[in-house]
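Using the hints, put the two chains back together into the complex; each one sits in its own frame.
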Amino acid sequence: MKFDRFARRKLLSHTITVLAGLTVVAVLYPLVDIVYVAFVHGGGVLFQATFLTARNPTPCSVVSCASVGIAPDIEGTAAMVGLAALISVPIGVLAAILASEYRTGGFGRAVSFTADVLSGVPSILMGAFVYGYLVIENPALVETAISGGLALSAIMIPIVTRTTEEALRTVPNSMREAAIALGISKWKMTLRIVLVSALPGVVTGVLLAIMRATGEAAPLIVTVGFSNLPFDSLSAYNRPAGSLPVLIYNFALSPYSNWLDLAWGAVLFLLIAILIVNVLSRYVIHRMTVKMSGGS
Amino acid sequence: MESPTPSPPSFPTVYLAQRPVARWPDQLFFVVILIFAISIIALALAIVAILVYNSQQSFRVFGWGFLVSSTWNPNAQIFGALPFVVGTLLTSAIALLIALPLSLGSAIFLTTVAPRWLRGPLGTAVELLAAIPSVIYGFWGLWIVVPFMRSTVNPALQQSLGWTGAFSGPNTGFGVLTASIILAVMIVPTISAISRDTLAAVPATQKEAALSLGATTWETTRVAMIPYSRSGIVGGVILGLGRAIGETMAVLMVIGNSDKLPLSLIGNGSTISTLIANELLSNTGPLQISAILECGLVLMLISLAVNVGARLLVWRFAGGQGGKAE
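Residue numbers (my numbering), protein chains in the order written: chain V, 1 to 296; chain C, 297 to 622.
Don't read these hints as lab results, they were simulated from the structure. None of these values were measured; they are calculated from a predicted model. There may be inaccurate statements among the hints.
[Stated by the list, open to error] Here are the computed lysine to any residue pairs in the SDA-like style, where the Cα-Cα straight-line distance is at most 25 Å:
no. : chain 1 : residue 1 : chain 2 : residue 2
1   : V       : Lys291    : C       : Leu418
2   : C       : Lys503    : V       : Val18
3   : V       : Lys188    : C       : Ile334
4   : V       : Lys291    : C       : Pro443
5   : V       : Lys10     : C       : Val498
6   : V       : Lys188    : C       : Val328
7   : C       : Lys503    : V       : Lys188
8   : C       : Lys503    : V       : Lys291
9   : C       : Lys556    : C       : Pro443
10  : V       : Lys188    : C       : Ser335
11  : C       : Lys503    : V       : Ile16
12  : V       : Lys10     : C       : Val519
13  : C       : Lys503    : V       : Leu11
[Stated by the list, open to error] If you want the footprint, here are the derived chain V segments under chain C, 3+ residues with CB under 8 Å:
no. : region
14  : 122 to 132
15  : 195 to 202
We put the CB at the ideal spot given by N, CA and C, even for glycine.
With the rest of the complex left out, here is chain C (with noise of 0.2 Å):
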């Protein structure tokens, strides 16, 4: 700390220019990691770019009319979008209506009415459920829910609601509805968990605010909670449309896998990850391959719509923590 002048230079230049310690370690270690850091973002660019490029021959073929077209018949070669993407939004749209009520009931009794006790061990088992793989999910679904859905709920839906004509055709218990309740099971823990995070996370005094004039439970939780963690259950809502969108085998052990639009809510159909797994590695030749990595674009882009924006709105809540539910 020695210095020829009466007013020395700032204290750290001084510190680090007679520091004994060698910087190029320091330095060195920094580069290597920054390389590693760099390949996680150049991951994410090349799997855009893998599948752009590989979907170059397609969509010189096809057109944007790849899009819309119904027609996939890999014999003839002409091959169209739109059975998969209408199987994806139409499951996950299921799936999603069918959670949101499950999840959101669980989170609020974890949050606000389970004894304490009780609410480590539960919400423990509800993030289980996110643990489990997907091939289970399918397995416990073919062999358990689909003849379920054969003997007993697919009649009755029949019944009630067969005049809608969303229930026709004949009944196997494979198909579209099977695919979106396995898929409902699958996302609850995601959205549960961060809605269950999230409620948590509201400040005592917003609840005492609430209770002290008078509101019931009910009341406190409607109005001092839930409007309080709108913005992150919003965002765990959205990552588990992002997880219905691609999930893979679970849906492609139940939905009965058929190439054309889906008629019926008990019919066969497809999504675009089941498309993947089926048709990806028998393909038919080139075409084949870039039209269904054409498709796997058009996922990758919903998927990375769904996740960015979720991820924004939950990391805004969070602070920069993102969620906890994996």
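Chain V with its partners taken away, still in its complex shape (with noise of 0.2 Å):
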């Protein structure tokens, strides 16, 4: 009897085992599907020679299915992105270096869980929040390319400033001592021996937040829009540019067939990019986790 008990014991707990097992693969069946159909449709088109360089095209039914590309697009997101990156890295970096190298009575405190709760807020409301400030106090830049990078810098601060804090973190407290001890002021010691040990971190986090940012369609397609246009001079920031998450959206349920093989190539584009980005920067983190922690 009491082996019996003991028995079905054993058999609960490796049913349940079992159970745990079967839904790591449910879970991880998306990401291999999605890389896997990214591959199969996107592939063919990813790999023409002419993809990343060429203007949008026509529908196929008006002329032939030669040239597509995607250079548009992939200029209105760096476009984009990189103007949200020249606004967020500075304002993430310095919060972050106030919330971890200064003693301020819980400010600093507050300021990280600020942006804690600042990465958590749904990316559509920061867009509406870009869309609901220019639309009082400068309507004409509502629609522009503008508007799209002060929406996505809203959704780098955040990340910017709690992945640079994280990295300050690691450097560890032996640095700052053997460098105050030798006479160097506070600033130049958070700047030169602080921020530039947690360096790759900060980097990295940098990185992290750009593909984020590079993957965001809902802010864009509130504030941006839509075009296909180039993105060929400083002005194109004052009228609706084209971008590659807008660009999957609008074109997914499109009739052309060149339109839909631009979206699947688009899709693999921004899956091969984000997935690298992350691997790699995973790695770095790792590393530089280790080796402070080795250090001290």
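Quick look at the structure:
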């Protein structure tokens, strides 16, 4: 009787183990399927010579299907994410320095808590916020690439702040003490010793934030809209612009086969870029954590 | 360190007084980073303020009834938020129901069962799911999940559970249930990663105590590990919920986008975020902008409540380090 009960308990334990294993399979299936499907449908398009350099095509029914390309959307994404990075990196890094390196009686903690909460605010609301602001203050800027860059910067700021703060915290205190003991002033110590030591982590955090902004479509469809015009000068910031995520959304249900092909190619392109940056950054963060904890 | 009196004043005072380095660069640097740090708090306040300011017109016209009115008719300029609030809460709730067992199961597998060499790669793979842009989930949902729902899942549900009335109406493959399933896929990595981190933080002595009493693997997990990491897991679940509530693109592409209350799980619906995405730029005038942004304010308040609650839980558990999954 006693043995029976033990056997039953073991059976339950094994059953749950198997079920837990199955959940891992179920959880990872979409990842595998997304990558697989993207390669099957997007592979042929992405590796065409003209895909990254050609302009958006007219529908196949009008002209031949020869040159399909996503150049304007790559330019638009780069321009808006670049603007967002210019705004968000200084704010995020400097705010993180305050939160991590200074005793401010709870203010630093409030800053990093706010950044944490902001990173959970839905990205569409960042778009709605920028739209709502511009519609009051400067309606001429609604539906321009500038407004898209602003919305993306609001998404990037909390991510840069949080990741920079975490990177700064991996720098051992002994380094700060050694620097101060040698008579360097605090701001020099912070910038030249602490920030430089944490630089791989900070750069990684910035890269992750950039990739996050690169993949965002929601804030862009309420601020920038979409356009096939090339992004060829600074004045292009004053008009709607194309971007990779919005291209994917706009052409997802396109009746023209070459427009749909563009979307599949863009899916694969984004997917590859994001997965590579993520895997690499994980490696850098891992190595940094090991190095820092080994050195202290 | 010279001092005229036999009992010198405290060490730091004298040290600072004689220090040759100028202090103003330090103070200037502090003021600069203080300004940038304040700007982050200002950003959070500005988001709420802008949404409140823009909602005024709609609030004056519709009052509190806005929240419970189910009519959204741009032609008649009559707006009510109920279809979108219901759509948001319904899709998030179903997504959470689906995601919860999957996330907990995978977190338990990755912390207690999986061989050590497998934990790193599998954990990274789960976290990569969180890095995929939502428009790609939407695209995948549109071309892979929607056809599968139309051909297989929805007919099976209509056959077996049709009597409940929750699956009535035309089966297009689009709809509330499809959106919820994609949302579940998207929030699993958030819940799973935080649960895994908190489960992994359970002290070995805790597990060894249970094992030494003869507990099986599952009993150890249930008795010794889950209670210990409960608040972290709950925080992870709420963070996942927060992500589901605000998700836009993936839902937008598969939910069918109707301005009416969803009457069936396989019928079309909308959420607050899909409403904003669909109608903000193509608005019919200031009143519609105001009504849309008032819906945005509702979403902001829900999401703030969820996020602040979750982060307080996770922060308390992790001692101020915050959750790892973002």
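Against the structure, the hints come out as follows:
no.	hint	in the structure
1	Lys291(V) with Leu418(C)	holds, 23 Å
2	Lys503(C) with Val18(V)	holds, 20 Å
3	Lys188(V) with Ile334(C)	holds, 22 Å
4	Lys291(V) with Pro443(C)	violated, 49 Å
5	Lys10(V) with Val498(C)	holds, 23 Å
6	Lys188(V) with Val328(C)	holds, 14 Å
7	Lys503(C) with Lys188(V)	violated, 47 Å
8	Lys503(C) with Lys291(V)	violated, 30 Å
9	Lys556(C) with Pro443(C)	holds, 24 Å
10	Lys188(V) with Ser335(C)	holds, 23 Å
11	Lys503(C) with Ile16(V)	holds, 18 Å
12	Lys10(V) with Val519(C)	holds, 15 Å
13	Lys503(C) with Leu11(V)	holds, 20 Å
14	122 to 132	holds (count 10)
15	195 to 202	violated (count 0)
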